[in-house]
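A.B. asks: Given the structure of chain A, go ahead and fit chain B onto it with the hints provided.
Residues per chain, in single letters:
2 protein chains.
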Amino acid sequence: MSLLTVGTVAFDDIQTPFGEARNAIGGAATYISLSASYFCKDIRLVSVIGDDFPQAELDHLSSRGVDLAGLQIRQGEKSFFWAGRYHNNMNDRDTLDTQLNVLADFDPVLPEHFRQTPFLMLGNLTPAVQMRVLDQMEQRPKVVALDTMNFWMNTAMDGLRDVLKRVDVLAINDEEARQLSGEHSLVKAAKVIHEMGPRFLVIKKGEHGALLFEGDNLFFAPALPLAEVTDPTGAGDTFAGGFMGYLAQTGDCSFDNMKRAVIYGSAMASFCVEKFSIERLKNLTQTEIRERVGQFVRLVHFDAKLD
Amino acid sequence: MSLLTVGTVAFDDIQTPFGEARNAIGGAATYISLSASYFCKDIRLVSVIGDDFPQAELDHLSSRGVDLAGLQIRQGEKSFFWAGRYHNNMNDRDTLDTQLNVLADFDPVLPEHFRQTPFLMLGNLTPAVQMRVLDQMEQRPKVVALDTMNFWMNTAMDGLRDVLKRVDVLAINDEEARQLSGEHSLVKAAKVIHEMGPRFLVIKKGEHGALLFEGDNLFFAPALPLAEVTDPTGAGDTFAGGFMGYLAQTGDCSFDNMKRAVIYGSAMASFCVEKFSIERLKNLTQTEIRERVGQFVRLVHFDAKLD
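Chains as they are written, first to last, in our numbering: chain A, 2 to 308; chain B, 2 to 308.
Treat the hints as calculated values from the structure; they're not laboratory data. One should not assume that every hint holds.
[To be verified] Below, simulated EDC-like cross-link-like pairs (lysine to aspartate or glutamate); rule was C-alpha separation at most 20 angstroms, straight line:
1. A:Lys192 with B:Glu208
2. A:Lys206 with B:Asp108
3. B:Lys79 with B:Asp60
Given the structure is predicted, the values throughout are model-derived calculations rather than measurements.
Bound-form chain A, shown alone (with noise of 0.2 angstroms):
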């Protein structure tokens, strides 16, 4: 089945204790279509960019499967832009440069062949951008997940409630969980969110992996211990197209799928770190992929022996 997604495609500026990335290839959408592509080969692209955007990472957006029809790209206009730097751990950030430019007053439109999408993902985004994309649905998708941010929790949480009620998955960092529900604990935090609309959640725990609720069901999946983390920029979007990618080859929203969606996210999530900004996430073979998932099964599989 298809997966609409709608997100930033951008520029970022990496700084990481290792090396350092300048007018890399970055954006939620972008990371989020790429992983997606190595499961769903119909793509939907809902963003905005400047005339500054290469012409040849469109090609290859295009070469794996993603429809850019809602891509609105603005002549002499620049694209949106995020400056990092990465502290020692690599999973603290300092941003050094943000420029919205054509993000400033984007108004995603669908083309009338994205309307019916069964499979929705709406990236990081302000609340009414992400509502405007759900009005022009015209079907109910069958499953719509959102990722969001602090930020938007203290500029526009009455936006953020309205979209949250018509959300299916939410998936938010742990930090971000806290912040949405009050509660520090994560498993009082889901109950707090359920309760916001979502029936599922996933908290991204970065190198801690990642945990999914619904109601009572809880699951976890570990973040594959890495000797080398080049860069994270992406991997939580990286992770949410994994995520809604399998589940939109497969169209099976049970639990036990929803655990492999998960794992799949983490194994895309796990490749994207190794190198800067979008490049491990070009050339990945289906037997990389399963032989990834393969490291996952090793390493959380154990009997018990509770017979």
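C.D. replies: The following block gives chain B in isolation, referenced to the frame of chain A:
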């Protein structure tokens, strides 16, 4: 098989955001012994206390199969005392007071019948004391496990290096593993630490679970996500007690059985934090423990459908 443990038997003052306990029973050897007592019926404890330690608590340890022949009781002296305050996240804590008391000149003396114990858990103490215990073993134990902390790395690194050469399993937390190895990546840290002696390395990450390394073999056990954490004190020692108790019970040091030992240790730690001090470890049932391990199975198991 039998398990010998050396470590503190002590009093703790504990403050958490949710309550406090004064003069609560604590100490590494207390937690280790109690936790292990659910798996292994022949536990030998080596420690030192003053004449201020309640006889009822010693009787309770004895009733759980803990042989106190190696527990020195110093008349007219006071037991080791620690006071700490946990931060809101319950992971970080400040030490408010440490009174070594009887521990200042502790010289462990192993009773004759302790000297051929096959499983040895060296709780967190000065490396010189840990070495003194090792030196009194008449036969090299089947498994020697050791806990230590940053303080000994800062003040007694040479002694620690010497002990590590004679250790099979090192069980420390993530920050300690980073300091000991000089590597931020835990995968790299494990390689460095293996070179120091321990064939197995358990890295305890608190609420983020635990990693088990043996060469290129890697296993991850989550911590159970809990709605309430009352008191994290002793969770690491309770983990170690469950881990070593399970190994002593089964006598099996294969990697598959080590995985189970990590899960049993994690299950015991998840009980420990539910109440202050050792309260929750006093009267668990085997049914409760099996059910808790079942929760770990459900938490992480998935069918990858890779075939």
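A.B. asks: For which of the previously enumerated hints does the structure constitute a violation, in increasing order of number?
C.D. replies: Violated hint: only 2; rest satisfied.
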